[in-house]
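Undergrad: The chain contents come next:
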Amino acid sequence: MLKIKDLTVNVGNKEILKGLNLEVNAGEIHAIMGPNGAGKSTLSHVLSGKSGYEVTGGSITYNGKDLLEMPAEIRAREGVFLAFQYPVEIAGVTNVYLLKAALNAVRKHKGLSEVDAMDFLTLVKAKTKALEMDEKFLYRAVNEGFSGGEKKRNEILQMAMLEPQLCILDETDSGLDIDALRIVADGVNALRAENRSFIMVTHYQRLLDYIKPDFVHVLADGKIVKSGGAELALELEEKGYGWLEQA
Amino acid sequence: MSISWLNDIRQQAKNQFEKTGFPASNLEDWRYTNVSAIAKKEFSVAKFVEDVDFDAVESGSAFHFVFVDGYFREELSNLPEKITICSINDALKNHADLLQSKFNQAIKQTHGFIDFNTANFTDGLFVHIAKNVVLEKPLQIIHIATQEAILPTRHVVILDANAKASLIEMFVSPEKHAYLTNSVAEVFVGENANLTLYKVQQEGENAYHFGGTYVQQADNARFTHHNFALGSLLARSDIVSDLETAAECELNGLYLGSQNQHLDNLTRINHLQPHGISREFYKGILNDQAHGVFQGRILVAENAQNTDSQMNNCNLLLSNEAEIDTKPQLEIYADDVKCAHGVTVGQLDEKSIFYLQSRGIDEVSAKHILTFAFANEMVDKITIPSLRDAVFNLLLTRFPEGAER
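Read top to bottom, the protein sequences are chains A and B. Numbering follows the numbering used here, in which position 22 of the first sequence is assigned residue number 22; successive positions increment by one, without gaps. Numbering follows the numbering used here, in which position 297 of the second sequence is assigned residue number 297; successive positions increment by one, without gaps.
For reference, chain B alone in the conformation it holds in the complex:
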């Protein structure tokens, strides 16, 4: 496809990636996560395969948009009608002007994974929800990985003023093979629009995952993100949002690592204008030799007076070999703001374990119950009942005695 504006951007990204490669751990944002194993795998970009043998995609009543190895599969999808929704390749033909005006605009700072994505994305999702339109059912985006390869997808989501929608991003693999998901989304939430985005990362146990979501929130726009990092061998999630006047941003997260999983979560909330509100709450549970990372930064620009911001990160370490690096940061240049942050790192409470044992519950079950309760606070924040049940059941597979089915 000869679209010169895009070719230019892709060529620049390609040059940049050839220079730097995937991020090195001497970069501040990558100091806790070593991704050198990915380069050593020498993955190539996944190819389109004609025949895929999935009978149906379980998605309940939600609309769904399905990718297999980074390519949109219309035959597996079910799309709503009153909004513009198509693959990014179709958008290049049919919505070129709008796409050009937004593409690469939400990303203010790149790194190797983003550059690679820009240079190599195979496909992606393009959604445009017009002014005042409310999408009544959630739209589920399902990424299915089957090839031992890199799966780069690029997404652009645009909500015009007063629009409202919920999106669910699922990352799954039916196999245990190694691959790299590389998914980058640019999200534009218009004036007074309201977008809730759920991400449920259940990649296979040998998978690498990079997922970046870069958000622009116009005046009074509301953006809520729920991030469940459950699968993969190594995963890094970036969520960056820029808030205009009186915009509201809520970020919730749960990372659940066991064995030798490495789960890195980086968030940036940039309050650029006055009266913004942000709430961030991330919880981590790390067992065995798992390693969790939380890097949360809230920036309040000089102009962003009356910003109201809170960030919390709570971690539960279930084994002596599990590790957490947590780095909450407030960077405040305005003088009239309300900002707070807190971090806890702890273990299960011995008194609580004994209390449950004294009621006849064995030690393993008691620990499951307490761990499940810790995690379930984040699951309870999901407002789509079918999704809440699905994540609840995923948790139960990790802590089988944790709650009533």
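The shape of chain A in the complex, shown without the other chains:
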């Protein structure tokens, strides 16, 4: 599904990713761990198409297509979804309008008709309930005045509505208390499917207690320096990242 080959990325004049390789197949969950400043967020942003990152080498192939050629909205319509570390607050735009506009943009791209108003409401209410969110959130401005946990749940709600193929969770566990973490993790687990893959970018092992990864990669100094199974996360939790950098 996703193949990243020898990816090098600059921010300004500084090289952040220095030849990153990663392959994600359908249905897999990959955790990317690493110390602060290793390039984890840069990787998430480059995958989602955010501007301000200069790809200086390598390639990203998504479902056989060149991902780097696609503008951000086309990536989203093709099934790439980034759950932001810091979701923005958008005054005056209701959650329900964003969800509908986004869903219709994706549907149009797939050659489907606009969603029926009643079907949409039924669907969005069901998904909202599953994430233990109050329906009132739907009619509030996007993320405005939401707590940290509410913002992250809102990201998962959008993900649940858009049913992407490649979900990138950028530090989704940061700022969450244990209850909110459980709800968010349940939401993600409910979305696990044969044709859907996840990349979880995280500093801590905590999230992985709730969402069990198939592979764990350690990103340090712009490269994947070690890969393994779920047990690697535990090892990292115990030993920290220092031993890797020394090795």
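Simulated from the structure, these hints should not be mistaken for laboratory data. Some hints here could point you the wrong way.
What the hints assert, rightly or not - Straight-line Cα separation of at most 25 Å, BS3-like style, residue types lysine-lysine; simulated pairs:
#, chain 1, residue 1, chain 2, residue 2
1, A, K136, A, K110
2, B, K351, A, K50
3, B, K351, A, K100
4, A, K136, B, K108
Fair warning: this is a prediction, and the values are worked out from it, not measured in the lab.
Put chain B on the given structure of chain A with help from the hints.
TA: Chain B alone, transformed into the frame defined by chain A:
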């Protein structure tokens, strides 16, 4: 018509206008707006035309009072019964004493557009709402422009004590021709009376517009104004209100300029006596080479202790060539007051645009959504549902992807 008191006032205004003409941009209140193009057009005052071919005026359930080229058209209008409402020319015959006692009394300072109006107005609206009377449906005043001319109208609105009403002023043109609307309203809100006035300016794209509203608020009177400046090539709006004891004044505005539109908004809130409250919030959106002006002044007289006043002006510039001149001013002579003002000028937030794009929404739509949301805050303040829907839809024509229809 030989009404000597009025003839005197008109002659004085005529003399004054002949001396000064339309305002020059060396006057402080006109420094951001050059109106010399209007004089160059050499418009004459519009003539009455017998036949107008409008089938019906779309006004929903509201009462409506229709002007075509500055002349009242009774056959197109639908008037409420329990209040006094007629053209200003009829009022000169039938309500002369009341009209004389109010005419020109709310205007403390004139300029060329007001002088021209006083000297040349062709017709106007006269409304008198008696004590304790509540007008249950809004009264819509529709100005339709069809001639290449100046359309001067003069209005007097009087609410006696405890009266309550909503008025909607609409300015429209079915054509794209050049003309000058010159509409001056004097408004008297009696003790504890409550008037809400909406202005929706949708003049044609080559039109010039001057609209002035001069308000006297008696003790405890409440005046709310919503100003939507959407159309015209060049428009100037004046709103001036004098507040007596414990009067409340709320001014909301939205100016939406694109291409080479010039939209100037001048407001003056004069707190003359204690315990007054004023709230002012104007928003501007300027695209292409459009130029917006906001000049808001709040005056708190020495006697006006315990005044509570807030003024805000927020602007969104959508292009590098768009321009805004904003000048909020507080002029305070009392010592025990609560006054604040703020101004912002900014662009659409890049992070918000990207957030929407990352959800599959294209860049143009994302910008429409964010711009619409910025503007819609002012539309949401409209309390008449049919009018709110109408203005909402006008906004959608400018930003089609901005919201759900």
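Undergrad: Hint by hint, say whether it matches the structure.
TA: Tested hints:
1. A/K136 - A/K110: Since the Cα atoms of A/K136 and A/K110 sit roughly 30 Å apart, the hinted pair is violated (cutoff 25 Å).
2. B/K351 - A/K50: It holds: about 9 Å lies between the C-alpha atoms, which stays within 25 Å.
3. B/K351 - A/K100: Holds, at roughly 20 Å.
4. A/K136 - B/K108: violated (50 Å)
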